[in-house]
Structures are given as C-alpha cells and as structure tokens.
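Protein chains: 2
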Amino acid sequence: MEYRIGLVGCGTVGQGLLEILDKKREFLRDAYGFESRVVAISDKIRGSLLVPEGIDIPAVLGVLGRGGNLADYPKAAPGQAEPLDPLDMIEKTDAGIIAELTYTNIQTAEPATSYIRKALRTGKHVVTSNKGPAALYYRELQDLARKNGLQFRIEGTVMSGTPVFHLAESGLAGNHVLEAQGILNGTTNFILSKMETEGMEYAAALKLAQELGYAEADPTADVEGFDALAKIVILSNVLMDGSLKTSDVPRKGISSISKADVAAAKKAGYRYKLIAHAKKEAGGVVASVSPQKLPLSDPLAGVMGAQNALSLQTDLMGKVTIQGAGAGKTETGFAILSDMLAIHRCR
Amino acid sequence: MEYRIGLVGCGTVGQGLLEILDKKREFLRDAYGFESRVVAISDKIRGSLLVPEGIDIPAVLGVLGRGGNLADYPKAAPGQAEPLDPLDMIEKTDAGIIAELTYTNIQTAEPATSYIRKALRTGKHVVTSNKGPAALYYRELQDLARKNGLQFRIEGTVMSGTPVFHLAESGLAGNHVLEAQGILNGTTNFILSKMETEGMEYAAALKLAQELGYAEADPTADVEGFDALAKIVILSNVLMDGSLKTSDVPRKGISSISKADVAAAKKAGYRYKLIAHAKKEAGGVVASVSPQKLPLSDPLAGVMGAQNALSLQTDLMGKVTIQGAGAGKTETGFAILSDMLAIHRCR
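Respectively, the protein sequence lines represent chains R and W. Here the first sequence stands for residues 1 to 347, numbered as in this note's numbering. Here the second sequence stands for residues 1001 to 1347, numbered as in this note's numbering.
Because the hints were derived from the structure by calculation, they are not lab data.
Label-pair ranges, simulated between beta-carbon atoms:
1) W:Glu-1035 x R:Ser-243: 21 to 31 Å
2) R:Arg-146 x W:Asp-1056: 32 to 42 Å
3) W:Ser-1247 x R:Lys-252: 54 to 64 Å
4) R:Lys-75 x W:Asp-1248: 42 to 52 Å
5) R:Lys-207 x W:Arg-1345: 40 to 50 Å
6) R:Ile-45 x W:Arg-1345: 35 to 45 Å
Think of the CB as a built atom: it goes at the ideal place given N, C-alpha and C, for glycine as much as any other residue.
Chain R on its own, in the form it takes in the complex (with noise of 0.2 Å):
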C-alpha cells in the first residue's frame, strides 16, 4: 500500500526521514509491503513544495543539503515551489499522513497544533516528534483523530525512535503502568557522566557538551530540566491516564551540582542522574523531575553518555527498562517511520 506525506518542516528530523524512506524504499516494500510517496513539504525557513507525482528525494536532499531554498528544487514544475504557508499546504495537499516537525514551543505548543488540528480536521493522519502539542494537548488531539478515525501518533517525542509508546501499546498491553522513570535527557546525562568518569567540573563539561552538538547555545531547557519536564508530563498523560499540565510538576535541573557533589555520591556508591519520575497515586498522577543519587545496582545508574533509558513499573511485569538513543536525526527520523509503519500496520 502507497502512503501519500506531507513534510511541516524539513529540518534535521525531517532530512532524517526523507533519507531512510530513500534508503529503505525496496526493504520497506518487500517486508513490510509499505510504500511512500512525499508529495508536499512546508518550511518557513527553506520554503515549500507541493508536487502531486512525487518529490524526488535525492534532489530535495542536495538543494537542502547545500543549505539551499526548496524553490531550487530542480524538478519543480511551475507552481509547485511556490511559497506556501504549512496551513494552506495542509489544506491543499491531498497527502495521507502529515509528519509535524517543527520546532518545540512548550509554552504554546504553537503553531505546531494549529496544523496538528488543521490536519485531522482535513483526514490525515498525524505523526510528531514536536513535544509541545504532546504535552498540552495530547487528549484533545487523540479525541479529535479517533473522532476521524484517524491517528496522532508521537514517538519521536520521548527518547527519539527508542520505542517507548510502541512498547507500552504493543509489548505491554494488558498492563497497567503504576510508575515511570526516566533518563530522558541525553545532554545532562553526558554532562553528568563527564563530570564522573573525567572529574570535570560542570562548566566544562557543559562547553564540551556544546562543542560535540549535544547541547546547544542557550542551554538552558536542557541543564534546567525543561525539556525532560515536556516528556514526564507526555509520559504521565499518555501511559498513566493522567492529566497533568506542566506547571503540575516541580523541576530541578543540574546546574547546581558540583563535582565535589559527583565525587562524594561516587564515593559512597550512587551516581547523579537527572531523573524523571511520574507516580499512579489515588488522585491522579505526580510527577517530578529532579537530579538523584541512584544506587549503582539501579538499571538507570549504569545509563552514560548521551544515552537515555526508561523503567515503568507494571503490573504484571513488573520493572522493564529500555534504554537506547535519545536524540540524533536518523533515530528521529526513524521515530516517525516507524510511527507510520504502525498506521500501516493498523489501517
């Protein structure tokens, strides 16, 4: 079966995707029996395409590649680079599925949900790696595509393409989940891990950390705790039936620990980690997030470097931790392949 996708936004998680369709195009179809067709594209920044037959991959890779403009796309036929706002693209294409991947505004989640709304109000299916209309409006969002009979689905939101909602709507059906806990933060987690196993202080550790690209400028939605906060919120609504919002949870990030605070827990056989926790308690869920000192014989205590990792606590099977890349284009962009090969799996 032939899946028509429309790109909002085409930057890093959006090129991502673009290559393993590209790559994977005849492993796709033989194993699976999937096919894609990107027929539109919507980027504020690198401009648009709206090609009924099919964009040429290779093509829109090298034009994007060379830091270029989507009306360089050399195939274009007249009209089909014309500038288009995401809204109208949505409304115009006649696309299956659209892939959200825009940037992360927790604060409004806009205008992420502005063409998350358009789009199951048009018939399509909605896959997104973009936290923000995850963290507020995850239900709403759910109703409206179920109301279609359509799906939201978000991978690509927590741990990149490490499947966490895979798992609890697959593996773990039938439980219930009483408890999460989270490494959901790959850049404190390296810098942690740096201030360990080389003794650097936080600073340093925090200048490599954007020296090598795992964090960026402004670091601050990362060190102070934000952005693990969007994703034990989406965790807690999505898994745990809660409805928290994100002022809900209390926040520390990691900027106040020294490396004396990292020696002396070593010393006495605990290791920092940025931990996200969310509880099933009586009146809903509680969640926080919060630096720990976890025992060494805890499964997130052995988690470096960048990586990230998630226990839940079930019912019947008790603790199941996976852990495995937490960022990274191809792992984004595999997050919302593989949210659409689910669609393709449950059409």
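Once you have looked at the hints, place chain W on chain R.
Below, chain W alone, put in the same frame as chain R:
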C-alpha cells in the same frame, strides 16, 4: 471480539495465564475489546476438560491449586471431563487459539511440535512459550501458519513476557538487526551475581538458587548454557533471518567459574556474565554462548540477580537494550496473553 481458547498443558504457565484472563477480564474488554472464553484444557498429568460453553476459571484454578485432577472440576457436564489426548482435544475443540504450554524438549521438540502442526492444520492460531518448536522448527511452523492465514507466536520463549519479539516487530520495525547480545538465563545470572556480591563459591550459590526455586534439582540445562543456547538460536532465526541449528552453536556454561575468577574480574573493572551472542556475517548468522567479562560500561553489566536483558544492534537505531523478568508464573502467563492481544490487534 471473543476468542475461544484451548490450553495444551496447564502447569505453572497455564495457571498464570488463567489467573490473568480472569483478573483482567473487564479491563481487557474495555481497553482493547478483547474477550476470552477458555473452552478446552488438556494436560498429560492433570487431565482434560472440553467445555464449549466455557470453563469457570476460579473453579478450575481451585481444583488445580489443591493438586487435583481436572476430572474433579465441579461444573463438568457428563463427558466434559473425560481424559483426552492433546491431539484429540485440538481436533475436537472449536477454539480459535491454542496456547501450547508443555515442557521444552530441546532434542526433539516433541510432542509440542505435533500439537502445533495439528492446531495450525485445523485452523487455529498458536501461541507458545515452548522453546523446542521455536528453536528447531520455527520457519516450517511460521510458513504453515501463513499458508493457513493464521499466526504462530512465541513471545514467551525468550525472557518470558519482557517484550523481545514485539519490540522487533513493532517499535523497531524497519530496522535490520545486525547483532544480538543477551543475558537470557536468570538462574546463571543469579548465581554469578551472588558469587560477586556475597563472595559465594559456585556450589554454594547454586545451592541457594535451588533452595529459592531459581534452579532445578538437575541444573544442567541452565548452568551449562543449554537454555541460553536454545534462546539465541530462536533470536537468530526469528530476528536475523538465520537458519541455525542448536548443534551449530558453541556453548560453554558457568560451572567452571570460581569465586576467585569473579573477584579477579571485579578488581579489574569487569563482571562475569553468561552471554548469548549472535551476529550477522557474510555467510549467515554466527552465534555462541559463553561466560564473558563485560566492562562495567556495558548496558548488560548492570543486570543483576535473576533479571534478563537483551541488546540489539540495529542499522537505524544503533544499540537498543531491554531489561526485565526472564521467568515467572505471571510473567510467562502474560507473554501468552500479549501474543493473543497481538492476534487481536492484527486480525
């Protein structure tokens, strides 16, 4: 949708499954639209029931819990509790799913394989936790199932209900699995953990494992690596398209490892684990089972006690590791349920 279920074998795993089906009846109906009716049980030791209107689960668990025979089931109509060979039960029942839960015979995979063939030939899905048929005849049985429009599912054969095959099939779909490395036997991991953390000699740790019910009176299958070998053959053939026989896989157990070996490794920053390993090579999959000294940075090094874990090296997602229970009545009973829910999802 209601599924009519027949059990071949009703020991620990079968009773674990029955408990879950009973306890979670409303939840499975409300959350997944999955309803079940157990209509047949045949167990070489515990007797048989063939009850088309459905077996009362608390009543049958009461009989079995007292060590009784199914002939004592108080609600049987005349003829419903007559002794019935599994092959005859499979022939006679109108169950849509057969749960094959007899003991593993890794040399012949019998009589389980005959039961499975009979079920697939008479139009019944098969779900099994039996390693024999999965290790020796996976491809034949999978082909037979497909030819008949049925499913043959084996989640419980490796790491009980900790999702391994579900993980590869849903969350990691689209990846090629290039390499698998796991701690797949809880008994040996318990023994090695005790040798390190409590400084026990091998014999003392084995005795403790036997007292706690982790090891059997004859521990050979576990401690000499036969159990882990069956599991790595299954993983190779199912996840990596291998065609390994058990005789293709070199095997070394843990019985020759001393407390001194474990202590020396620990001093050097390593930890002994019984590692089942498989890797795709040019000529096919190459696998082995042997004790390995892992650096403490390896995600498998932190897996202590009776826990199991598996790392899969994939082409898109890099290394993904899952850790959880490797055995247990509820955990393996859940594995069977999880496969039934998969049949339900993909009907």
